[in-house]
Amino acid sequence: MENILEVQKIEKYYGSRSSLTKAIDNLSFEVEKGEFVAIMGASGSGKTTLLNCISTIDKVTSGHILVGDVDITKLKGNELNKFRREELGFIFQDFNLLDTLTAYENIALALSIQNVSQSSIEKKIKKVAEELDIKDVLNKYPYQMSGGQKQRVASARAIVTDPKLILADEPTGALDSKSAKMLLEKFNYLDELGATILMVTHDAFTASYARRVIFIKDGKMFKEIRKGEATRKEFFDKIIDVVTLLGGDLNDAL
Amino acid sequence: MMLCKLSLKNIKKSIKDYAIYFFTLILGVAIFYVFNALDSQTVMMNVSESTAELIELMMTMLSGVSVFVSFILGFLIIYASRFLMKRRNKEFGVYLTLGMSKRKISLILFFETLFIGIISLLVGIGLGVLLSQVMSLVVANMFEASLTKFAFVFSTSACIKTIIYFSIMYLIVMIFNTISVSKCKLIDLLNGARKVEKVKLKNPYLCIIIFIISCIVLGKAYHMVTVEFLTLQEATDILKPIIMGVVATFLIFWSLSGLILRIVQSLKKYYYKGLNSFTLRQFSSKINTTVFGTTIICLMLFITICLLSACLTIKNSMNANLKALAPVDAMFTVNMNMDKYYDDFRNYGYNDSQIKNSHYTAKEMFQLFNFDITSYFKDYIEVNTYGTPDLTMNHTLGSLLNYVRTNFPFLAFDTKEPIMKISDYNELARFYGIDEYSLNNDEYMIVADFKSIVEIRNLALENNETITLFGHTLKPKYNSCQDGFLEMSSQHINTGIVLVPDNVIDEDYLIQNHLIGNYKTTDREEIINIENNINKLTEYEKANEYLLPSGSTKLAIKEATVGLSAMVTFIGLYLGIIFLISSAAILGLKELSESSDNKERFKMLRKIGTDEGMINKALFRQIAIFFMLPLILALVHSVFGIMFAVKILEVFGTDELLPSIITTAIFIVIIYGGYFLITYSCSKNIIKERY
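In the order they appear, the protein sequences are chains A and B.
Residues 252 to 505 in the working numbering are what the first sequence lists, from first letter to last.
Residues 626 to 1316 in the working numbering are what the second sequence lists, from first letter to last.
Pulled out of the complex, with its shape left as it was, chain A reads as follows (with noise of 0.2 Å):
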């Protein structure tokens, strides 16, 4: 299969000369197209960082991140915004909806930045609407929303424009745990469709719907586990074990 992802002995150093904190150290792995992986660790094991980095909102100290054919750490300037809106799709645990835009406004910004025409731009929320159910919310302003319903319009936000990654930052973090298991749900239609979603969590039953979990202490791997053939259930077994072989500053997240 086709890489999508390739993270090449990256590091990233944070402070000055003299306290320096090494938040990822020499960390390197791959994500396939159409693949749905997770991201774990605990709190300061350097997951969000390596999520920044990957989405170029922070940049490597040393390695390279090539999504398709691209390096991304060599872009500059508009050329990173230019790969962010076209090549990646964003879900934030705090959504980060437009308070002033409707659903649909705030779903049709993602496209109109990128000079879609109206007339596309309408058929394709129409589309991704009904994939995620959220035909009935499109007019209301993120106030009127649950909190599920605000992430399920995040994440149509984040594939109305057919990129070739989703990165996820906690997606479940803020929402009751009916409205994670339907995310969730979604997330993995959304994988059976073809998308590759790349998630950082530090919860093990958000983790158990992705494909492959990677762990990641102390800014290193730790462990890699893959789903195969296993229920869910089983898979969430898995990882628990995994969690406790990892120590105790992850049970507190169970």
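Quick caveat, the hints were computed from the structure, so don't treat them as lab data.
Misleading hints may appear alongside valid ones.
Residues from chain A that face chain B, not an exhaustive set, calculated with beta carbons under 10 Å [stated by the list, open to error]:
id: 1; residue: Thr307
id: 2; residue: Gly314
id: 3; residue: His315
id: 4; residue: Leu331
id: 5; residue: Glu337
id: 6; residue: Ser368
id: 7; residue: Ser370
id: 8; residue: Lys374
id: 9; residue: Lys471
Just so you know, even glycine gets a beta-carbon here, dropped at the ideal spot from N, CA and C.
Assemble the complex: chain A is given as a structure, and chain B must be docked to it using the hints.
Quick look at chain B alone, frame taken from chain A:
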């Protein structure tokens, strides 16, 4: 002293974001000082006594205006500090949770206001002192006074006045701050920052109806002050269109805030292009909450535009008029045959012997005082005016009298019309260098240049109304008033002189004799000397018995003109600048204070990959629309406001209107545009991503 330190740090932190506020405060202080110190340089000037009096009058007017200005600035400062405080709710919340008492928070705010006050006063007065050096050159130039020597001046009185006025304003701000701190609740403070913006949509049909109604009301108000201008007779009549205009302005903004979004939303191609939907939403959420503020700013801009262009027109026109309407050096007029209308004149304060002795021409009268005025003249002429109770406006208007009386009851219908022989007038016209006329034996004509009276008189002339004078019936030669004047002046105030063929005149009805001449000398000092000598004649015993001719000289008219034009210019500039910076500052502050909300939104736009250029464009547009909206309506208002002003100011002549409007436009572009650009660059700075 920890509180002191905390407030200093707070100021330092916010000085960059709220540069516009500090800048406006400093500018306000400086302008206040400059206009109150205008007279400081005049002590260095060589000005005549009458000019000195005019400057004193001007200063009295300016200090009156200063009170008004202090209200405007006070309003600005209180308004600004109130919403700057709202932005800091979270900070106060943190102080409170840490166990700081409300009294201490008030104290922090007290110190902050104190420091800001002291800094702005110091810097502002410093700037003001520098500016007033430039200003004093302008003053000297305006009064055409030669600066005997230039000295660096500092006006202690203006300085003290500035400090007192601004201290009072800051004190009021402190009181307001203390009250609002004591009223706030911790929970609101902490949640304040995270309030969810609710989008209230107004009923579009209601908006359309209100928009149409307010447009009609506004149109009616415009109509009232322009087309129906002549029906406005009392000062209070103008209140009605003003109130209509203000209410309509508010309602237009109210309905537009609901409509603009709907209209653009329906233009789907445009709305879903780039960041247009975002920009528009930003704008509409802001305008929704600031309808009242936008109205006030629109009205302030409107006043500024009208005020500046009117004041500059008066100044420019008066200077231009001076050349045309005061073509010779001096004119002395004496009343004659006053005993014929004894009762009339006693009421005007002439004594019995003055009235009895009123049978000398101006030249003869001066000779009675042993003053040979003609020896000072290079050349001179003498002309007469006649008058009879049988020729008043009642007669010249003829059959139109009733119509005019009902429509313009304020006219003096019973005053004798001044009459001149055509030969006398032509002699005068030659001397003045203005148009001469000729009349047949059965014709008369009227020369006048006061526009609104000319319009009324033309009604009668068009109607071919004949007059009867000393047994002769005369018909009008022209169907309108012709241009011309007798009295020198700086304004077009000739309400009408009836010119008739020489043979019609009965010399018994001679009422005034005019002696008009040019001095031999052209030296200003010598002319002042001559005229002072003439003024001294009134101190003679004889002046009680004989009425001295009253003079109107080019020099006196010029000084009065210059004084008046300086006065209107300075008052116009003073108020104009203050209004302009206040409204621009409010807009700028409002925009900047919301930049923390905007920062989050723009950050999000960046995350989904919006180009930097697109973001800047959206920000620029957002601020531009916000600044333009009140300006556009103010411009529409101004078109009619200036049309109204033109009618009011027609005695001054309004030929100089266009250059004044251009000057005003330049002025607004620089100040308002400057504030816009500063706001844009500050906002850009705030939303910039800092890695």
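Please list, smallest to largest, the hint numbers that this structure does not respect. 2, 3, 8, 9
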